[in-house]
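Visitor: Residue-level listing of the chains:
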Amino acid sequence: MPIQRLLIANRGEIAIRVARTAREMGIATVAVYSDADADAPHVRACDTAVRLGPAPPAESYLAVDRLLAAARVSGADAVHPGYGFLAENAAFAQAVLDAGLTWVGPAPAVITAMGDKVGARQRMRAAGVPVVPGVESDDPATIAALGFPVLVKAAGGGGGKGMRRVDAVEALAEALAEARSEATTAFGDGRVYAERLVERPRHVEVQVLGDTFGTIAHLGERECSIQRRHQKLVEEAPSPALDAATRARFCAAAVEAARAVGYTGAGTVEFLLDAEGHFYFLEMNTRIQVEHPITELVTGVDIVREQLRIAMGQALGYTEVPARGHAIECRIVAEDPSRGFLPSPGRIARWRLPVGPGVRVDAGVEEGSEVGLFYDPLLAKVIVHAPDRAAACARMVNALADLVVLGVDTTAELLMDVVASAPFAAGDTTTDFLERFAWSPPDVDAAAYAAAWRAAPVVTAIAHGAGPTAEPSPWATLGRWR
Amino acid sequence: MGDAREVAVKVQVGHQVVDSDVVAPGGVAGGSPPPQEPQRRPDGSVLVNVGGIVRTAFVAGDQVSIGGRVRRVRPVAGGSAAPLPTTVTPPMPATVVKVLVAVGDTVEAGQKLVTVAAMKMETALRSPRAGVVTAVRAVPGQQVRPGEELVVVEGT
Chain A
1 MPIQRLLIAN
11 RGEIAIRVAR
21 TAREMGIATV
31 AVYSDADADA
41 PHVRACDTAV
51 RLGPAPPAES
61 YLAVDRLLAA
71 ARVSGADAVH
81 PGYGFLAENA
91 AFAQAVLDAG
101 LTWVGPAPAV
111 ITAMGDKVGA
121 RQRMRAAGVP
131 VVPGVESDDP
141 ATIAALGFPV
151 LVKAAGGGGG
161 KGMRRVDAVE
171 ALAEALAEAR
181 SEATTAFGDG
191 RVYAERLVER
201 PRHVEVQVLG
211 DTFGTIAHLG
221 ERECSIQRRH
231 QKLVEEAPSP
241 ALDAATRARF
251 CAAAVEAARA
261 VGYTGAGTVE
271 FLLDAEGHFY
281 FLEMNTRIQV
291 EHPITELVTG
301 VDIVREQLRI
311 AMGQALGYTE
321 VPARGHAIEC
331 RIVAEDPSRG
341 FLPSPGRIAR
351 WRLPVGPGVR
361 VDAGVEEGSE
371 VGLFYDPLLA
381 KVIVHAPDRA
391 AACARMVNAL
401 ADLVVLGVDT
411 TAELLMDVVA
421 SAPFAAGDTT
431 TDFLERFAWS
441 PPDVDAAAYA
451 AAWRAAPVVT
461 AIAHGAGPTA
471 EPSPWATLGR
481 WR
Chain B
1 MGDAREVAVK
11 VQVGHQVVDS
21 DVVAPGGVAG
31 GSPPPQEPQR
41 RPDGSVLVNV
51 GGIVRTAFVA
61 GDQVSIGGRV
71 RRVRPVAGGS
81 AAPLPTTVTP
91 PMPATVVKVL
101 VAVGDTVEAG
111 QKLVTVAAMK
121 METALRSPRA
131 GVVTAVRAVP
141 GQQVRPGEEL
151 VVVEGT
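Chains as they are written, first to last, in the working numbering: chain A, 1 to 482; chain B, 1 to 156.
Since the hints were derived computationally from the structure, they do not count as laboratory data. Check each hint, because a few of them may be wrong.
Said to hold, decoys possible - The calculated lysine-lysine pairs, modelled on DSS-like cross-linking and capped at a C-alpha distance of 25 Å, are:
| hint | chain 1 | residue 1 | chain 2 | residue 2 |
| --- | --- | --- | --- | --- |
| 1 | B | Lys-10 | A | Lys-161 |
| 2 | A | Lys-232 | A | Lys-161 |
| 3 | B | Lys-112 | A | Lys-161 |
| 4 | B | Lys-112 | B | Lys-98 |
Given these sequences and hints, build the entire structure.
Guide: Structure, rendered in structure tokens:
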């Protein structure tokens with residue numbers, strides 16, 4: 001059934017990204033927004049917009065009844081959830097279907113099956129997909145029998161919440177209690193389980209697509225090992241760690257995993273890859289991923305278009321698409337990497353995006369945007385594509401050098417140095433990369449910075465409270481520092 | 001006010017300290033062209049000389065961005081690095097989770113004083129200096145904003 005009007009139940013860069021493809025396909029778009037986002041770029045990216053409620057997510061982007069009401073009043077016939085918020089919430093998917101709307105995503109039963117990390121492990125093992133050795137139990141004695149170190153994880157969710165590394169049996173009881181408490185807070189589900197810790201792994205995942213005719217296709221892998229707090233900052237495709245034979249086994253395992261649950265739509269099967277080339281199923285994300293653009297650049301496939309085509313009942317028509325060249329994505333997040341990735345809210349005072357051959361930016365903010373504390377601090381994704389990995393690295397470094405974000409601190413400079421570094425160039429990308437990299441801002445030509453600061457108009461120097469002024473020199477406001 | 005540029009003062013750029021009136025290097029050595037004065041552009045950016053190459057700098061408040069590297073620039077009294085602050089304030093609006101010190105406690109530089117939560121993340125606020133806690137104004141559960149003094153540590 002064709003989709004005429006798509007409600008995008010999200011905000012920020014992904015809402016804009018989805019709207020772009022919908023527009024290309026001749027589908028009308030409906031944005032939703034909280035009071036904090038009334039003037040946000042994603043609202044203007046859509047044909048119409050519906051207010052959900054106050055800024056807190058529970059009263060806006062997580063409010064199922066308000067989203068359904070928005071679909072009703074706007075005449076939407078389909079809902080795209082983006083990522084985060086309700087994207088992997090089976091109850092929301094079911095409510096969308098019950099309202100007679102098309103859900104752009106897998107069936108609610110599949111979301112439930114893969115959202116239960118313990119159940120997903122059992123299904124994958126049954127389907128012959130390798131899983132990390134572990135126990136689906138929170139009994140200390142059973143866990144201790146695995147041998148240390150182990151990783152205690154939440155059954156109900158991911159993203160590093162409820163996860164604890166335990167190196168010795170003495171620390172196990174406390175770690176289990178902490179993990180249960182964190183998992184209860186984060187997911188409303190305090191069940192935890194344990195896996196043997198894979199030391200210095202890489203995080204590699206496979207993009208899969210399933211249509212309603214039972215065809216499962218894969219679009220190759222992405223490596224996402226550069227992380228902080230188990231959240232990704234740099235992703236690339238293909239992985240520098242896979243040879244052709246391993247890649248083939250890897251992608252075949254992902255396709256088997258998707259087939260085992262009757263997957264439809266776009267999904268990602270995540271694996272840990274150890275130093276010996278063994279890979280283990282980690283989890284399946286039943287939605288579009290933040291890092292989907294790198295796969296789009298190397299395959300030429302518009303993943304949002306495929307999601308919408310599948311939702312409309314169209315056949316995929318292929319089972320794999322070869323990758324061409326190399327793509328890298330850097331996440332520009334409003335956090336201060338020199339202070340432990342402390343959140344850095346504020347107003348975007350300056351915003352310049354890089355352009356050029358093979359450079360794509362998916363952004364959710366613009367100059368003047370307020371970056372608040374209610375939502376994910378991702379500002380933009382800088383994505384490059386080049387014929388080979390070395391060229392892609394050089395392209396990314398240049399792109400990040402051209403990026404200007406002032407008003408908030410961001411991860412941009414750190415990631416520029418990461419991509420330019422020798423270990424990254426060597427493909428030595430394991431999940432402990434940033435700990436090993438131990439970055440701090442390098443010395444600069446301080447005189448040039450001082451000269452620029454002295455010469456700049458003061459307009460924005462007033463952020464701290466003096467009111468607008470036409471004074472040409474910041475020295476005019478020196479008084480407040482004395 | 002006179003020409004403020006004549007005021008002799010040093011500025012701090014990130015953790016580096018330089019004279020405010022120095023000219024970016026590249027044009028000062030014997031025989032090379034005269035020092036290039038920074039030049040303002042219509043969009044508010046500034047052209048500066050970085051090692052003999054003209055680069056575009058963007059400035060907002062105390063932040064300066066050149067070639068993807070952002071540093072905060074602040075005038076510094078006396079020419080040494082800024083004096084150590086004595087108060088601890090949250091970097092963002094947050095909620096106090098725990099208060100870890102009491103008045104009279106001796107603390108070391110970097111010691112955790114208060115933990116606050118924002119964006120669902122807990123962050124420890126650490127002592128900027130070694131000293132003795134002379135005031136504690138943070139209360140668990142309290143909403144606090146940047147600039148509010150949560151703890152005062154005085155040097156011994």
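Visitor: Now look at each hint and say whether the structure bears it out.
Guide: Hints and how they fare:
1. Lys-10/B to Lys-161/A: violated, 46 Å
2. Lys-232/A to Lys-161/A: holds, 14 Å
3. Lys-112/B to Lys-161/A: Holds, at about 23 Å.
4. Lys-112/B to Lys-98/B: holds, 10 Å
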